[in-house]
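Enquirer: Residue numbers (the working numbering), protein chains in the order written: chain A, 1 to 956; chain B, 957 to 1125; chain C, 1126 to 1210.
It is possible that some hints are incorrect.
[Stated by the list, open to error] To list a few chain B residues with every Cβ distance to chain A over 10 Å, as calculated:
hint, residue
1, Arg-958
2, Ala-978
3, Asp-979
4, Asn-983
5, Gly-1002
6, Glu-1006
7, Pro-1020
8, Ala-1038
9, Ser-1046
10, Thr-1048
11, Pro-1068
12, Phe-1087
13, Gly-1109
14, Tyr-1115
[As the list claims (entries may be wrong)] Facing chain C, a subset of chain B residues (Cβ under 10 Å, in silico):
hint, residue
15, Cys-966
16, Ser-1084
17, Glu-1085
The set of hints was computed from the structure by calculation and includes no laboratory data. Using N, Cα and C, we set each Cβ at its ideal position, and we do this for glycine too.
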Amino acid sequence: MRLSSRLTTGGRINRDRPLRFRFNGKDYQGFDGDTLASALMANGVRVTARSFKYHRPRGIVGHGPEEPATLVQLEGEDAAGNCPATAVLLREGLSARSVNCWPSPGFDLGGVAQVLARFLPAGFYYKTFKWPGWHLFEPSIRKAAGLAPAPAQPPSSGHFEARRAHADVLIAGAGPAGLQAALEAGRAGKRVFLADEGSEAGGSLLNRTLSIGGRPALDWVANAVAELCGMENVTHLQNATVWAYREHNLLMVNERCPEQDSILERSWRVRAGEVVIATGASERAMVFGGNDRPGVMLAASVQAYVNRWGVAPGKRVALFTNNNSAYAVAADLAAAGLIVTAILDSRRHIPQAALDLVPDLPVHPATVAAGIFGHKRVRAVLAAPLSGDLAKWIRCDVLAHSGGWNPTVHLWSQSRSSLRYDEDLAAFLPDSAVQNCRAVGAAAGDLTLDRIVAGGADLPYAIEPLWRVDVPVQRGRAFLDIQNDVLVSDVHLALREGYANIEHVKRYTTGGMGVDQGKTGNINIIGTVAMQQGVPIEQIGTTTFRSPYTPVSFGAIAGLREGTVLLPYRHTPVTQWNVDNGAVMYEAGARWQRPGYFPKPGESLQEAVNRECRAVREAVGVYDGSPLGTFELKGRDVPRFLDFIYSNVMSSLKPGEGRYGLMLSDDGLILDDGVAFRLDDHRWLLSTSTGHADVVNQHMEKLLQTEFADWHAMITTVTSQWNNATICGPHARDVMQALGTDIDLSPQAFPFMSIRDGMVAGFPARVARVSFTGELSYEVNVAPRHLMALWNKVMEAGAPFAILPVGSESNHVLRVEKGFLSLGHEVDGTVDAYDLGMGWVMSKTKPDYLGKRAVMLRRAGGATRRELVGILPQDPNRQIPEGAPLTPAGCKEATEGLVTACVWSVVNQRWVGLALLENGHARQGETAHVRLQDEVIPVSITKPVFHDPDGTRLRS
Amino acid sequence: MRYDVTLQRCGLSAVFDLKGAADALRNWAGDMLPPLPDHPNTRTGGGGVELYHIGRKHWLARAPLAQEEVLEAQLKPDACPAEISIVRVSDTLSFFRITGPDASQVMAIACPLDLHETVFGADAVTYSELFGLKALVLRCEGGFECAVEQSFGDMVEDYLTLSCRQKPV
Amino acid sequence: MLLIPCPFCGARSESEFIYGGPVRAARPDPNVVSDADWVDYLTVVPNPLGPVQEHWWHARGCGEWLTIWRDTRTHDIVEAPDEIE
Ligand SMILES: [Zn+2]
């Protein structure tokens, strides 16, 4: 076993718990507490990735979410793509693979292509792979340059969960500043939500060897965590990233591997009174030739591997810095027994406090790294004095560089709070807050422990920015964005081509657009643009910080919403009976699961539908009409309200009577068709179409609450208080009689379009004589608790008449035979009542009602209207697809209409249809033409009714 | 995960929807009902009847189902004056109970409301959301009671089962 | 996800509400107003860069139709501008 780079002591790992894992098909071993990155490093794996565009070999650069180079794809149980190796916690049996390389990062076929293709400059994709040829390139580009593929399967065990939480204070980050803020708020009795992306609290203290009050800083962390743990008002999560800051202090948190069994990830939506942003700072890279070679690492990350994971990324380390923080790194490395071969500092004057930390180490002031020797591994760094003196190679196997520190202002900026550029820190800092939030600690620019916790000892921070190395002896490519392979020359090219705005530079070069969102490199892109344009950096500004801060899996966002509960569904008390009786069920509007049809074994859809339709036309059928929207209206002003929202007059109805009507919006669109019944002087019942019930409710409530607040009308939704079995067909009255009722069923006592209360089959019922099929119908409404019992009695009472249950497919056929409207078919935003041949529904007597003026205005324009007609295919056996266009004489011309429905009519024994056709009413008897892609079908134009045109049957 | 809760899909309650001005309602039904709650989204109780103030000029009266006929006879929905509306809606709501030590964790999955006892006290009752559906939410002994439109009852049962990895009883 | 103040319920999550569009000019008497003014009434909808008064329905809540002033640039719920009230 090779654990070649593991130090013999130290690190926050459990050496008693070895873990086996696989990487690119090879087996390795690490320890509990490792990340995949630290374990790979401990195993001496130095080339861990290939780059996105050029397929250059890459190693591990960072130690946290900033990692730009090593993205892996997890395999097996928790398959996921594009995870930074630094953010993957090691566990037994973990299996991972590098993205962007095949067959392995050490021998990569894409890398061979790199030799051939040489260069892919900025905007290459935009310039080369564009319409009309894009589809030719796309598959191979996606394969060669793409990131990890999406997992083929959802995880086979475990599930995601999404929750809400509410807090007085949300604290993002459990480093010293976050813990301090949590202690203060927690002790004050506030409800605290503390979330930290790391596997344990402590933030940067975990990576360093600092002290607080003379004791190790991590003792202070442990005490703080213990105290918080004892507070009931504190929720403290680790492995939980605050990844979005939304409006009104809503924050999104993604918790990975929560303690509970079987939960893969849990997302939290936290609404907080106050937000404390304690997200720390992240180190930025230096830009110099060869800065992407495996072994070129961020200085603080080298320090973290040594201190936190007990791993030596190399034996001989050279450092390159423009600020003080690297000196603390050098001191820690030397203390751990690594050889520090040089500290190259671009500054001429180095603060004495920094030098005092490393009295025995070779410091080279005013010197920069200008090149790297080594391909798959650093062998030496070219140290170039800024004076122009001779550059020389210095041996090392790791180059640790620090370009300074950026306060992690992502959340701050997402909240729309502003930033300012601070000259002393050479970084963008939180400025003024626009939501109730504040930044603390390093996120606020307090980059050293002494400024955060009383008694904390730290080296003061000082920096002289260096946005890129620019010396004549520089060799090799200098990368601004390692993940997207964006070079200094790409930014220069973008500027030359006119992309001057920093947001344009980002899109054109793709710099800062990767999984890491340019956490280490963006500032250097901004600096490079500023240098090139000769303006101060604050004038360039930053690109917009958008959520997510780090990638979030879709599963965590969706939570439990998958499988059967992906979409809401509604049942009636008869749903299970329908299923048990062989119905083919599907959603039919407003989330209701309804029976489509009831096939017998071996029967086709059409055969089943014909059988059900014949039952209704010749004997009797029954369907579950429960989903129809039903509203009870009460109040003195209901009559005038109904007259205002329906196009016809409702106020003249007497108790027990009902009327069909159209509801229009004020711009003349048909909102709904339905029936209004008057129950008594002040009580009314509205029945709406299933699909529009919610919209009608919203419409009525809005009018009554906003425009006519002084009108007295109250609405109660009773859709689920009254469920119904609708008995329809010539034998409907016989079935009603057999059920037994105290309602006089004679057509004189209980005519069409009336409503009666009474007992039916022993149940309190409200029976309406409406018809959606054109046959004699009784809509028997009972309380849902009684519907199943009623249903059974209907089937029993109907048996002598061969009653059949009828699905929505047959309902469709029956209504088309009668030419009854279906809002989704015959009515769209262009159709009015006159077009439908229903001018009678538009009251001439009412001076005003919703939609009246708009319809009149539109018709006054005199434009040609599409009007509802019936169509008979001249070949009676020819079915026409619904939606098929009609064109003049069937020519390839603009359409003059469309077929809205076409069904096999059992009464006519042929296909019949409905269509909207220009000037259709005047063209009855003529021939129109349906134009399909390779066929023209002649159809005869008729009235839109194919059965019982006088309505004698439905009134019988 | 399997939360430490008991899920219960409840049978019907007698529920009457009451709308109108408080005075008019008091005049008609004051004797039959507990005192009208003073504050929005709170409840009162008495005589086996609970009164939920769940909207402007809007209350729900709830009682055990056995009291439904008596209540209906007292409230006389068909005969009440034009100023108020009384509608029997017992069948409209499907009630669920989520009780036990982890009840508030399950509610945090289902509902966007802040249900902390300092915010949502013992007498609190309100319409909010349960799995994205309109739902009545209130506290009960040891947990929470929720009600959705009856047609969504199966779906909510399904969702609760998934949330807690256990079936309601 | 906004936090919308309902006059009955207090601040509630936007998910409980249905957007009802900006508050528009009062409906003119259709029997008096000119065609052009009627068309304006139907089609001209406030769409400012800044505070706009809009309707929201507390549909999955108490059922109240309410209005708020929302700044379209920031989503902040703000006081009514001085010239309005
Ligand atoms: Zn409300």
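Enquirer: Would you mind marking each hint as holding or not holding in the structure?
Expert: Hints versus structure:
1. Arg-958: Given a closest Cβ separation of 8 Å, the condition is violated.
2. Ala-978: holds (14 Å)
3. Asp-979: Consistent with the label, Asp-979 of chain B stays out of reach of chain A, its closest Cβ about 14 Å off (over 10 Å).
4. Asn-983: Fine: 16 Å to the nearest Cβ keeps Asn-983 of chain B off the interface.
5. Gly-1002: holds (24 Å)
6. Glu-1006: holds (19 Å)
7. Pro-1020: Non-interface label on Pro-1020 of chain B holds, nearest chain A Cβ at 15 Å vs cutoff 10 Å.
8. Ala-1038: violated (4 Å)
9. Ser-1046: violated (7 Å)
10. Thr-1048: With a cut-off of 10 Å, Thr-1048 of chain B comes too close to chain A, as the shortest Cβ separation is near 5 Å.
11. Pro-1068: About 5 Å separates Pro-1068 of chain B from the closest Cβ of chain A, which leaves it inside 10 Å; violated.
12. Phe-1087: violated (7 Å)
13. Gly-1109: Non-interface label on Gly-1109 of chain B violated, nearest chain A Cβ at 7 Å vs cutoff 10 Å.
14. Tyr-1115: violated (5 Å)
15. Cys-966: With Cβ-Cβ at 21 Å, over 10 Å, it is violated.
16. Ser-1084: With Cβ-Cβ at 6 Å, under 10 Å, it holds.
17. Glu-1085: Cβ of Glu-1085 of chain B sits 5 Å from chain C, so the hint holds.
Checked against the numbered hints given earlier, this structure breaks hints 1, 8, 9, 10, 11, 12, 13, 14 and 15; the rest are met.
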